[in-house]
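Visitor: For reference, the chains in residue letters:
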Amino acid sequence: MLDFIQMIASGIAVGSSYALMGLAMVIIYKTSEVPNFAQGEMALISVFFAFMLLGHYGVPGYIAFPATLVFAAVLGFLLEFTVLRRAKNPNVLGMIVITIGLEMILLGLVSWKFGADHKDMPFPISPYESFAMGKIFVSTLEVLTLFVALIMMVTLFLFFRYSKLGMAVKATQQNKTAARLMGIRTNRIMMLTWGISSVVGCVAGLLLTPVSMEPFMMWDPMLKGFASAVLGGMTSLPGAVFGAYILGIIENLFGGYVSIEFKSVVAFVIIVLVLCVKPSGLFARHYVKKV
Amino acid sequence: MDMKRDYYEDVKLFTSGVVFFWFMVLMVFLAAYPFLVKNYYVYVANYIAINIIVVIGLNILVGYTGQISLGHAGFFAIGAYGTLILMTKFHFPFLVALPVSALIAAVFGFLLGLPALRLEGPYLAIATLGFGLTITRVIGKIEFFGGRQGLHAPELVIGPWHLNTDRDFYYLLMVITVLMTVGARNLIKTRVGRAFVAIRDADIAAETMGVNLVFYKTLAFAVSAFYAGVAGGLFAFVLRFIEPEVFSLFMSIMFLAMVVVGGLGSIMGSIAGACLLGWLDLQLRNILSLPYIGSWLESLSKSYFSLTGVSNIQFILFGLIMVLIMLFEPLGIFGFWIRTKKYWRTWPF
Amino acid sequence: MKKKLLSILLAAAMVFGISICAVAEEGVTDTEIHIGQWGPQTGPAAAWGSVARGTDAYFKMINDEGGINGRKLVLHMFDDGYNPAKTMAGVKELQEGKGMFAWVSGVGTATGLAVRDYLMEKKIPWVGPAAGSQVWITPPSKYLFGVYPLYFIEAKALCNYGATKLGKKKFAIVYQNDDYGKNGLAGAQEELGKLGMKLVETVPVEVADTDMKPHIMKLKQSEADVVLLWVTPSHAVRLVGTAAAMQFAPQWMSTSTCSDFPFMNTISKGLWTNVIAASFGELPDSPHPLMQKYKKAHEKYAAKEERWGVFFTAGIGFVEPAVEALKRCGKDLTRERFVKELEGMKNFKGILGKVSFKPFNEKDPSSRQGTNEVFLIQCTETSGSKQLTEWTKYE
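Chains as they are written, first to last, in the working numbering: chain E, 1 to 291; chain F, 292 to 640; chain B, 641 to 1035.
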């Protein structure tokens, strides 16, 4: 029984980091209708930027981390402005390939600049200390990640639901032309969503760095984030977060009780099964096409 | 010019004498190619030919039927492992093992098509991705398939011929590639192909017109899986060794990129995309040995970047080429060709 | 008519004459020896790119000292991104283009297996694959000389030490689910079997896995007091860290891949202290005269961000036997002579263990396995290494 609770706790812990990546992907999907494959690398370059500030230039932490978030936001704006917008009459697959290309460029830049070795990020919270609740151990970093994920989800949810800007974003997603007619500057809205998503991704990356930091670190979290966003519904923010937790818990339970080798495989199989029943994910509304 | 007067003209393989002439020229060039270049470039041509087969199959699924698949490396793996297992453990001859393993891949394609009936967009992408991942993990686990040690390809014997050099493979590959390309083109022009295009453009309307969605969607998956299976079986012999990690997610993403960059919904486009990206994949690492660019890159690395990571230029260039092509021409390389043709048609006005 | 016949005869004589004189070996000219190597300079395995760069610095050092018998060594290294298709492409391009005399090192079991048959068919010597797998010597090939002590052997050394010197009873192993990890698993099982023990837990790790909690849970449940780590450095750090968070602290033992203590201690933030590792070569901070020489070469030739670590020195160590054999060949350098010199090598000591080969016997794998010596070290708090055993040979 104790093991079961420990596994659930571990699953929630690992789900939080997937949740942040999932959130970032859903935000972009809501407005640009494209799953952003470059999400992981956008976070990667921001994280390495922080590393450069902290290490090379010796900037103290309380300046470096906010500066990184600003950098991430600007990167998001820049990518949308220069790349996505320039695509003429894009179709979805074209946009996907553009994001894949961007991903390779960013990955190449980071690997080129920093080399392939593991780096050590001076992060204030160590991933190796843990709270013990009886016999259940959860590391402090994981608790922090959990809090951050939940706070982000709530903030974004409130932002999109109740603020004027948030409603503008939803309007842009539903019908771009109508939104423009109503006076919403859709171009700015697109830039804004990319910026927000990049910042969320950057936070996810920063929380992953204490464990391991090397150019290929974001591949797996991005994939899992994408899968959990799909599980929860690509157009639903709470869906992405809950999908991530469900994915994390399933992986840990399966790994603990049945087989560690196949845990990712089973996670994907379960996602496919869920999608067969609910084709747009668990929490999103399935828009049935009208002819 | 492009106007077709009756059905038979539409279906004809060579629309005019000119097209037939250029086709013959191409065939002669391809036949003479191994004698014109060094052996290494024959290996590159083999690699590109295999990619062409996969990409044409993927194009049938993605370009003509409007689905998406991030799991084609899985079908590729089934073709490769199937052929080798049938040849080594069950002693089938190559010409039987290849189609049989491709059919097995087609069966798996059919199975994957079933959930695809309800899914679309990113949901379908994740479902196919999961499939690709599952296949490689399962193959890696089963010792009968060589597990993680991988499998070595036996010597390839077809009838009285022993094929062991790249040049021999080249001719075999060319024959199979041409057959499959012509087959795909014919498929597109028949009612099956039209059904695919109808599903892509308006599937509900297609259903009302009598196109059986279940049958044709799963058929699209099965056909593209068949192509990937054939290519996989050939790949096992070009590389002489396969192991599960070769068939990774990155390979599936590469295939998808080749389709889109080449041009969705066009066979010539897939060939162009496979050629370009396949060639870049193998040759970009040589950029450092180019005379001026190489040394400029190295000095740039010393001052601003790290010299140890300088080979990552490949990734940057690869990504840059993909992004630029897609930005300037969403229809891919084939789109460039169409635009050039249109421009010259109305020249000099 | 007579003139024509004369000119034809003359031309034939010239061609004959030239073809007799110019029977130089492929890849060898009067001033150069061309050697090829592949390595992952990009991709997820790019950390192992240091191996090829180590060889590069070593060759530059030798060339500065005058080369080998008047010839300079030219290293053609290319990036294969750990993708066997690219390895094959690069090997073919270099072999059929420029023409390599021999190939050295080369990271990766899968990448190496893809090109092994091609090189062996063409009778091209290949010395020191940078992977300690048994596939190179089962069955042994005449032109393939293994130098890296087998992972199998390292597992045996560690288990033996743990059971006999430390008196531990419960051994578990975390292994990467591929050839590297499985070789370690087999070695541990065999050694423990000889001592009358069994592994209490075996936990596989997929390369793509990042979350190590299920693995640590299993290990904790088994209450092992020694855990063998047969994974990559990044997984090893995660495992040790997750275990610390879950307050599970067995005696960790690892392979030579994670024996670079300063590096491991930095990225694990000090958790690597007291880990016992096997090592197949002199350590980077060793006072051995050869290591000091190579360190100077590193300072002179390597890029400034190149880390002086185990992978870099391994790139030198795997190639030393090949260079020694080239020196022994003298001016008359052919592949057959090169193979014979290698076969005659007995107890050659560079920075690895003593390397010996024997004349080729396809039933005897040890005729093509150069060394099976390792020694064990333990990480101290200051990231130094405390040597626990001497160079020991295992079978």
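In case anyone wonders, no lab produced these hints; they're calculated from the structure.
Glycine residues also receive a C-beta, built at the ideal position from the N, C-alpha and C atoms.
Don't take every hint at face value.
[Unchecked claim] A short list of chain B residues far from chain E (calculated; beta carbon distances all over 10 Å):
#1 Q681
#2 Q774
#3 T804
#4 L835
#5 K853
#6 M857
#7 S874
#8 K909
#9 S926
#10 R968
#11 K989
[What the hints assert, rightly or not] The calculated lysine to aspartate or glutamate pairs, modelled on EDC-like cross-linking and capped at a C-alpha distance of 20 Å, are:
#12 K712/B with D972/B
#13 K909/B with D120/E
#14 K113/E with E945/B
#15 K329/F with E666/B
#16 K732/B with E411/F
#17 K762/B with D120/E
#18 K860/B with D120/E
#19 K278/E with E411/F
#20 K782/B with E981/B
#21 K432/F with E841/B
[To be verified] Computed beta-carbon distance windows for the label pairs:
#22 M52/E with D1004/B: 53 to 59 Å
#23 R180/E with K632/F: 33 to 39 Å
#24 R409/F with T778/B: 28 to 34 Å
#25 N330/F with G807/B: 30 to 36 Å
#26 M52/E with E666/B: 44 to 50 Å
#27 G58/E with D757/B: 35 to 41 Å
#28 T778/B with T481/F: 33 to 39 Å
#29 K380/F with K763/B: 26 to 32 Å
#30 V92/E with V302/F: 29 to 35 Å
#31 K944/B with G58/E: 17 to 23 Å
Visitor: Hint by hint, work out which the structure violates, then give me just those numbers in ascending order.
Guide: Going through the list in order, the structure violates hints 1, 5, 6, 7, 8, 16, 17, 18, 24, 25, 27, 28 and respects the others.
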